[in-house]
Amino acid sequence: MSGFLLVLAIMLPPAWVALMLVAGGRASEHLAHLFVPFGLAISLVIAALVADGGPIIYFLGGWRPPLGVGLRADGLSAAMLVMTAVVMAATAVFAAPAFRTPEGQSEARAPFAFWVLLIALWGALNLVFLAQDLFTLFVALELLTFGAVPLVCLDGSAATLRAALRYLLFALVGSAFYLLGAALLYGAHGTLDILLLAERARAGTGAGITLFAICLMVAGMLAKAALFPFHLWLPPAHAGAPPAASVVLSALVIKAPIFLAMRLWYDIAPVPEAGATLLALLGAGAILFCGTLAFQQERLKLLVAYSTASQIGYLFLMFPLTGAEPFASIAWTGGVLHLVSHAFSKAAMFMAAGLIAEAMGHDRISGLSGVGRLLPMSVFAFGLGGLSLMGLPPSGGFTAKVMLLSAAVAQSAWWIAVVILLGGLLAGGYVLRLVLAAIAPGPMPVPVKAISRRRELIALALALCAIALGFVPLQPSSLLAIGRPGSWEAMP
Amino acid sequence: MTYLLAAAPFFPFLLALLCILPQVRRHAMQMLAFAPVPGLAAALLAPGGVLILPPAPFRITLFLDTPGAILLGTSSLLWIAAGAYASTYMRGDEKARGFAVWWLLTLAGSQGVFLVADLTSFYLAFALVSLAAYGLAAHEDNAAARQAGILYLVLTLVSEALLIMAFVMLASGAGGNPDIREVVAALPLSPWRDAIITLLVLGFGLKMGLVPLHVWMPLAHSVAPVPASAVLSGIVVKAGVIGLMRFLPFGDVLPGWGGLLVVSGLVTAYFGILVGLTQTHPKTVLAYSTVSQMGVVAVVLGAGLTAGDEGTVVAAALYAANHVLLKGALFLGVGVVLTTPRDRLWPLALLALTGFSLAGLPLTGGMLAKVAIKGPLGDGTAALLLTLSAAGTTLLMLRFLERLRAAATGEETGAPKGLLIPWAALAGTALVAPYVLLPLATGDAAWAVVSLADLWNTLWPVLLGLALAAALRSHVGRLPAIPPGDVVVLAKRLGPTLTASMKAADRMEGTLRRWPAAMLLLVAITLLLAAVTSGR
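In order, the protein sequences belong to chains V and P. For the first sequence, my numbering begins at 1 and goes up steadily by one. For the second sequence, my numbering begins at 1001 and goes up steadily by one.
No lab work stands behind these hints: they were computed from the structure. Hints are not guaranteed to be accurate.
Derived coverage of chain V by chain P (criterion: at least 3 residues anywhere in the stretch with Cβ under 8 Å from a Cβ of chain P; other residues may be distant) [claimed, not checked]:
#1 210 to 218
#2 291 to 302
#3 397 to 408
Bear in mind the structure is a predicted one, so any value in this text is a computation, not a measurement. By construction, the Cβ of each residue, glycine as well, lies at the ideal position given by its N, Cα and C atoms.
Chain V extracted, bound-state conformation:
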């Protein structure tokens, strides 16, 4: 029965998309809203079942790998599913007024495309979190790219098309690397199932090829995740994207390749320490370099975008810190907690930035003086999200930072500790640039458009989620260790 939920999580969205395509226009918009409670419920129930009774496993058609394909939800995927569902649901409410089919028209291009893509992305993300074989995961990654690219250029201007193309091409290069690695692994081990690959890699044959393949695939994921120095596509993609698209892209879409990099790294074969250190070095580069650039941006949206490029660096600091028992380590919990709280806080910040830009008609930071009095709730949401990025208590970002710092201290990885602290200061710099401008005295700015209170509340609610994560206990989470290391034998 519970295995059926996994099928529902990956099959309901595509089925729904098909339905939306048939229904078309305004009806598809309503259908998208109708999907939200179902999607949310499925993810929450899966997470509750995993937390309660351990990993959920389902074999399609009853065929076990290597013959068939298996789906599996462990503690980590449960956390990802819930994060995705909450951000998606919030985005759907937030985007409703911006993507309403105009009165008197039965269908409009942007709203129709947006709602279809949103549900498709939700499905693709669920697939990334539940699939266990490299081929299905490849399909999921491609679905994700092809869903996210059109979202970036929804307004159809030349600049956004150029940015979208840049994103598409770079993502495809990443896919090529992934595919190459997958082919090597298949050649060496004769299977694409991650858990079987792990078993066969343990058996000891083809260790060199396995490691090389993992490196190739992880590098591909770095390109898709926009980790420094491959962030070239991310800021332009955000620059012209609608706020709701930026939310999905920054909070969720780039997390999928990171999730996959974690799985490849930890689940197939133990990768030597030196590789993890290199990943952490790139992460450190992201934190410092992109943080410095975020501080220099003149447009609010780009500031938040560079902040994303900077913040994902923290997720790669985790790799050398997890130690001999990665899934029971504080660094594992800290890394995942950072991923989740960044999703909530960044979603809130992109929403707030979007509302500010919508109300003012522009998003030049120098022209946003006093906007705090115009949109107090949005600026508050931005500030709370920023609190988490800066790693100040109480917030998920703070707890995650303390966990990563603890792990760095325990392993005497001092340079990582220093990078974490400097990253917090940089985040303080760029977050406060907006907040200080917003609360600066002066005449009340004149809005070009009224903003509905409900959309501001959505941003605030997401920011409060990031704050609430600060109350996660400062110890390795038992949820995130459920079902890891994975095995098909752990069937209930």
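Given the coordinates of chain V, work out where chain P should sit on it, guided by the hints.
Chain P only, in chain V's frame:
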């Protein structure tokens, strides 16, 4: 009764949250005087109380020890007086309601730091008082306040970063959210003992203004509205003091660290006096006096660390509490004297008495505070230098009074009662408070600890200060002009370097964004990754 411990920080915090409602916000200014009342009640009724709020892992442990109770009680008194004062002082200020919210948040955090006993809550309370105080310091709408505010924020974030590192290293091995006492007891055995103490001294030293980390203080304290200056200089800096008290291992003998604190405290004490004398704005003079006084507290704590004497903390708390009330009264007095006609002398006389009490004038409370720290200090050079610094404080207070007189315009019509009453009440309390606190804290009556020699030892520095003032009177005009914030001017030279490195980052970004560069890097990093993982 122990629930009062929770009420002290949470009541003002809840009031701040309730200010979301317009009907509550309208009365925000009137709430300021009442919000600290639970703190005062807790200090009076529940010293020694322990309260563990929700069960683990969300645990918040509150514990009111003697130093905490002394500081909580006196700072609550100042909060009440300054809050009442502010409701009159800020009348007509259209941003007063926002100011009140910052005020309540700062209050909540500052009550918290005196009370919390676990690591995470301490960091939370410390961050709250530090960040919310920005709203008080940068309230005025001018360039000076903005710059002071930004400098304050930057240094605050630096101090938060230093402290979180120290706390994580302290808790390493303990796991979760341990009690402060637990981890501090284990500190002397930690392999990183010296690194941790360095981080703690730097982080808390930034807050209490140990030279050269004091640069923000004269700037931020002098640009704020008068009641805000009073709480910033009187109370907010004490967050650093209580931090050192809670986190330094006074149970152990650490002569090296003790000596370092003594020296840096002495440097701070004299630096504050010397630079303070050159200042022209009365509030800046007072801010430098705070720098100097925090130096004295550091000397006391350093002496305690050298001797391994836990009793020092109580003496230092008494001295700091005395400073809370006196410095609060001095700042509030600025607003009163500036609105009082020149021929009405009693406000100036009361203000002068408060100032001399800070220098330790015999029979005032300040004298008792000086006597209280005599024990831990012993009879060495440091003690003599500190006694001598009281002459400097006398001089500084005279300078303050002189600058205050000079700032009068001659059009004063008299201070409103709303300013006069809170100030006079606070000043009166400040002059006698140590007589009440000393017996409560140590069990000794005031007359039992003060000897005739003490009277002389506190009198001669004041007389020396007066004599020096008379002798130097004609030279006042020749004082060098040192800008407020002194060494921060040096830091401004860092500006171009910073801009240059930012520009370099920008150029590099231009390169990284090009396709050939990105693709080559992708290949190179993949190969590098493969090389380092296989080259075991």
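Each hint tested on the structure:
no.	hint	result
1	210 to 218	holds (count 6)
2	291 to 302	holds (count 4)
3	397 to 408	holds (count 4)
Checked against the numbered hints given earlier, this structure breaks none of them.
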